[in-house]
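Trainee: Going line by line, the protein sequences match chains A and B.
First residue of the first sequence? That's 1 in this note's numbering, and the numbers climb one at a time after it.
First residue of the second sequence? That's 1 in this note's numbering, and the numbers climb one at a time after it.
Everything labelled a hint here was simulated from the structure, so no lab data went into it.
C-beta: ideal position from N, C-alpha, C; glycine also.
Take the hints with a grain of salt, since some may be wrong.
Here are the simulated DMTMM-like pairs of lysine to aspartate or glutamate, each with C-alpha atoms no more than 20 Å apart in a straight line [to be verified]: (1) 353(B) x 113(A); (2) 243(B) x 267(B); (3) 22(B) x 374(A); (4) 9(A) x 32(A); (5) 329(A) x 136(B); (6) 67(B) x 356(A); (7) 410(B) x 337(B); (8) 375(A) x 180(B); (9) 393(B) x 113(A); (10) 64(B) x 353(A); (11) 22(B) x 35(A); (12) 252(A) x 32(A); (13) 199(B) x 136(B); (14) 418(A) x 408(A); (15) 67(B) x 351(A); (16) 223(A) x 124(A); (17) 188(B) x 132(B); (18) 91(A) x 346(B); (19) 360(A) x 68(B); (20) 265(B) x 400(B); (21) 64(B) x 301(A); (22) 139(B) x 302(A); (23) 67(B) x 403(A); (24) 410(B) x 68(B); (25) 64(B) x 351(A); (26) 296(B) x 84(A); (27) 417(A) x 240(A); (28) 360(A) x 106(B); (29) 336(A) x 246(A).
Partner residues are not named here, just some residues of chain B that face chain A (Cβ under 8 Å, in silico) [stated by the list, open to error]: (30) 23; (31) 67; (32) 74; (33) 255; (34) 294; (35) 355; (36) 358.
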Amino acid sequence: MSIEKETIKSERLGESYYKIKHPSGLNILVWEMPEFSSVYALFGTKYGSINTKFKTKNDKDFIEVPEGIAHFLEHKLFENEDCDVFELYAKTGASGNAYTSFDQTAYLFSCTENYKESLKILLDFVQAPYFTQETVDKEQGIIGQEIRMCEDTPWRQVFFNLLRCLYVNHPVKIEIAGTVESIAKINADLLYSCYNTFYNLNNMALAIAGNIRLDEVLEICDKHLKVKDNPELEIAFPDEPEEVNEEMHIQKMAVGTPLFAIGYKSVPFDGKERVKKELEASILLNLICGSTSELYKQLYDEGLINSNFYTEVDSGDGFFACVFSGESKSPQEVFKRIKGEIERIKAEGIDSDLFEIIKKAEYGKLISGLNSAEKCATLMFESDLLIGVDAFENIESLAEITEKDILECIDILFDNKKTAISIVESNS
Amino acid sequence: MANVKKREQISDGVYITTIHDKKFNVNTIGIRFISKVDERKASAYSLVTRVLQTSNSKYTTRTKLTKELARLYGAGISQSVFRLGDCQAFYLGANCVCDKFALENEEITNRVTEILLDCIFSPNLDNGIFKESDFEIIKRELIDNINNKINDKRGYAIDKALETVFKNEPAGVPLDGTVETLEKLTCKEAYDEYREMLKTSRIEITVSGGGDFKEIQKLIKSRFDGLERKFTPNEFVTLSPLKDKPAKVNERFDVLQCKMVMAFKTDIKDPEQLKLFSLMFGGLPSSKLFMNVREKLSLCYYCSANNMSEKGIMLIDSGVEYSNLDKAKNEILKQLDEMANGSFSDDELSNAKTAACSSLRSYNDTASGLATWWLTQLCVWNRDFSPEDAIEKYKGITRDEIIQAAKSYKLDTVYIMSGEDKGGAE
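So here's chain B without its partners, still in its complex pose:
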């Protein structure tokens, strides 16, 4: 492959990974602050990264910043939060087209990187803390966003299921925290949390795309040089304990279609073995769930399996008619039993390997995909493991290992969202 990956530790718990391939016409600079959080910290860090995203000391308003980025050929600065095992990663990143496309030979990527670094290290302050009025607007918006999660029923159902799946674990802290903790958070407290985030988080920086990144690396390093750090490493892979008996959660909403999320837990820690199993079970159009629950029994439009192997979780999420809930649930359990009894063909196994390997090869075609791949491998799994290494590993997975994975999954939680007058199903 033409892409080149380089990794370097630039400070205590601060790493920079660059992935360069000249075939890409965009560049992405991503900075992730990774930390184990409680509800208050999740709220604070999410809010802080949103404040940082919208202005800095040079471009003091959202409009000024957006205008400058638009002038740089529609560059953008984005913010997001995601789970990495028991930790949450708070992401701030910039993307832009490569400098060769500039119509007047302007610098693009260096400028965009400087703006991003200014957002992080030189925010727009007033009396030594964030500007109160900006802070309040962004806080209100984040509270609205949390309240609006119900607008996406499928995503909401998964979030609610995970809260029960990870009850009393750090992974159970909602992304973005809660409305209650946000309401109480003051501007001064948020600013203090911002200093804390810079000091104590693990910081993973990726620079990926088609550009020449020498200058950019220098720029980034110089800004992290003087940063005071006090960092304690986190364990990322911690299996979630299985409940004594499966938890059932029923919620009522005014919906026409029920959402059912079933969570299973395993004690296996091998991500490739678990991933291959979930592909065969419900991750492909040729999988057991697609072929049976959807195609044969016409119970669902979607019924798919996804796993979070760093927590030992597999989620089956589906949209089902109320009267078919039990039927769908029983069929999903029956299919899992059949996998555990080995009733799948060698073709099904080799087809899943082919699909897994094909999607791994395609990582080399997206700069941001590669950045995510390396973050997961180097940070979460603590291994220098390329997509090509994963391909080799998939090829060696045996039939017995798939059966072993199927047998290891035990039902932990069933979450059901159903219509107003119908109540929940048992």
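Just chain A, with the same shape it has in the complex:
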């Protein structure tokens, strides 16, 4: 088979990896790190909780499936026809796992020996689904307990309530594992239908980093990848208005100090623009209320926030939100002050010295993010599968961001008319 191989390099970091477009349609990303003992591999599909409506070239109309099915499928794939995948990994000593997020399902292992055997196991089981009604019923009990656990977790509740405030129709607002009711509708046929649609090598990626060799990895891939017809997948998302769904949501639970999450909704971005906007958003979150900002100091000194205060950017197909979250006795006051600070920055501009400091800190964060086989493999995997860019795009993009860029995007990313707050407070 002919293989297209490209070396992806970062002059800035002195690092490089290989990107291979395999004839089977799969993108393979290989980062050799001979000085390390471990190996970390991810094999997965661009299919997550938000992909509930889709069609292939064989379907006349769009199909709508129950919430939580991508995650359910992830659990079920671990069962082969004749054994459990964990029993196979147990023999090679690899530690296997998987996760489902909004827009991906990834199967992974880490190990320090026998990586070739573990890689074969990974490629084989993900390509060999086996579902029966009996095993589906059994899984409903386990996932039901996972859902209950999430429902008892206040940080998770405050975050998903925020997404439900920000989004009117987009499925990012649904719980990744679904609900006890929605997963009751899942059966073996539906699982096969989703599997056959999304688990196509053209819609997937394999990333492996650590103590490995490119030729060995490719030899295994050539033998174990099954070429299938490209189903020409189309995904439908409902129209999402620019406005938020509701401005506030309060839930009562067993908690100490109330928790809050404040979100700013903006239009979504793709490709390199998404990488740049995520970095700009992260810098802005820090300028507005990061731990080096004046507002953070004021809120902290006044006892309105404590050191459990976080900022994050959540983005994907059709969604982009900037989030401040923390614990406060007066979440509404924190919200008011953040809104005020955004208006002040829009009127007065940003502190140039602070901008440079935050940019340096972001650069340091990206370098620390390349410190292990796990981090390198994950970065290659997500950059390629989810955004369609190289792993070093973020570090290159960061170097180019100017103060002017930041001032230009603040109106789009932080619009005080497109914001909401979610609060979880004590029920006693």
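Model the placement of chain B on the given structure of chain A, informed by the hints.
Mentor: Below, chain B without anything else, positioned relative to chain A:
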């Protein structure tokens, strides 16, 4: 392995261990004050390390300090508290990227180390004690943190179970102490405790990462040189006595899923034997608990075993539907019985050894992992025992030793958190 470990005693009860491997792109400097504590001391030391974390005499506010660290490519100073047998370790540490990544050839690691040492030895004082207003804010925050522990139900359940497991033992003192002792603590008392902590704690310093640490060692040594010390060594490995009959604790909260923590005690003092047993029993996806309680009976999403071998404890923690509590408990006990009767295959034993050895090899890939490894071995177990030594030991563990470990575990405590109207289960 390319990494090099060096250890040196630099003062009475003060040790510095350096682990260097150029493949790492970050450096970590960790300083642990280790002491046997009561509730008041736990509160005081935790509060003191939090005060030290936020400022020093040069960077007098949290914001000034954070800004300077951010300028040094996003360096950070962190604080935490953890148990080491009957002692608690109060950690203050700094991490930063290696100097080779500096865009303008600035010094990074030396600067960050100096800042950390200033936080410890040159705090921001006012009239000879900590600044009262800073102290009060941090005290309030720590009290809130203790009250907010309920936000993490799984962690809270384990903490509460340990309080009963270690009743009347130093290990039963809650990490961070209690709200009551904190409320009473004054700024002056905290400052006195800070001087005491520097004088009497065992101090374990680790410097790990990809940097060249010669300068840093010198910097650290010079600051510890003039320090007045009065140190008495602590015994770390002390087995927790088994209760006459298992204690049962039931707590009610507004939760949908019950949390059950079962604690077992042993009189065996061999950490590798106990660790291998707990991996086979409930530490791996191929373990007895995962395969039976979760996969076969669908009772839990998680049901796993963890051990604190320096206290002879194994904890099984699980999230279970109220109506299934008894079923889950009985199944866990049944699986332990089966292990004690030897009903496990040679494959299960060799698979657990393979998994244990694989995870030991991976220690060499994280600088902070290696630092933690050496702290546990040198300080708690008092032995110069590398991950490679542990691999050799695991390989030699026999089937009989696993059966012996299973037989030795006796139920000590069952903690259950359940929903409001349902009460506790027997």
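Trainee: Taking the hints in turn, state whether each one holds.
Mentor: Results of checking the hints against the structure:
no. : hint            : result
1   : 353(B) x 113(A) : 13 Å, holds
2   : 243(B) x 267(B) : 13 Å, holds
3   : 22(B) x 374(A)  : 18 Å, holds
4   : 9(A) x 32(A)    : 13 Å, holds
5   : 329(A) x 136(B) : 17 Å, holds
6   : 67(B) x 356(A)  : 11 Å, holds
7   : 410(B) x 337(B) : 11 Å, holds
8   : 375(A) x 180(B) : 42 Å, violated
9   : 393(B) x 113(A) : 18 Å, holds
10  : 64(B) x 353(A)  : 13 Å, holds
11  : 22(B) x 35(A)   : 9 Å, holds
12  : 252(A) x 32(A)  : 50 Å, violated
13  : 199(B) x 136(B) : 24 Å, violated
14  : 418(A) x 408(A) : 17 Å, holds
15  : 67(B) x 351(A)  : 13 Å, holds
16  : 223(A) x 124(A) : 10 Å, holds
17  : 188(B) x 132(B) : 9 Å, holds
18  : 91(A) x 346(B)  : 12 Å, holds
19  : 360(A) x 68(B)  : 11 Å, holds
20  : 265(B) x 400(B) : 19 Å, holds
21  : 64(B) x 301(A)  : 14 Å, holds
22  : 139(B) x 302(A) : 14 Å, holds
23  : 67(B) x 403(A)  : 18 Å, holds
24  : 410(B) x 68(B)  : 53 Å, violated
25  : 64(B) x 351(A)  : 15 Å, holds
26  : 296(B) x 84(A)  : 12 Å, holds
27  : 417(A) x 240(A) : 16 Å, holds
28  : 360(A) x 106(B) : 12 Å, holds
29  : 336(A) x 246(A) : 16 Å, holds
30  : 23              : 4 Å, holds
31  : 67              : 5 Å, holds
32  : 74              : 3 Å, holds
33  : 255             : 5 Å, holds
34  : 294             : 6 Å, holds
35  : 355             : 5 Å, holds
36  : 358             : 4 Å, holds
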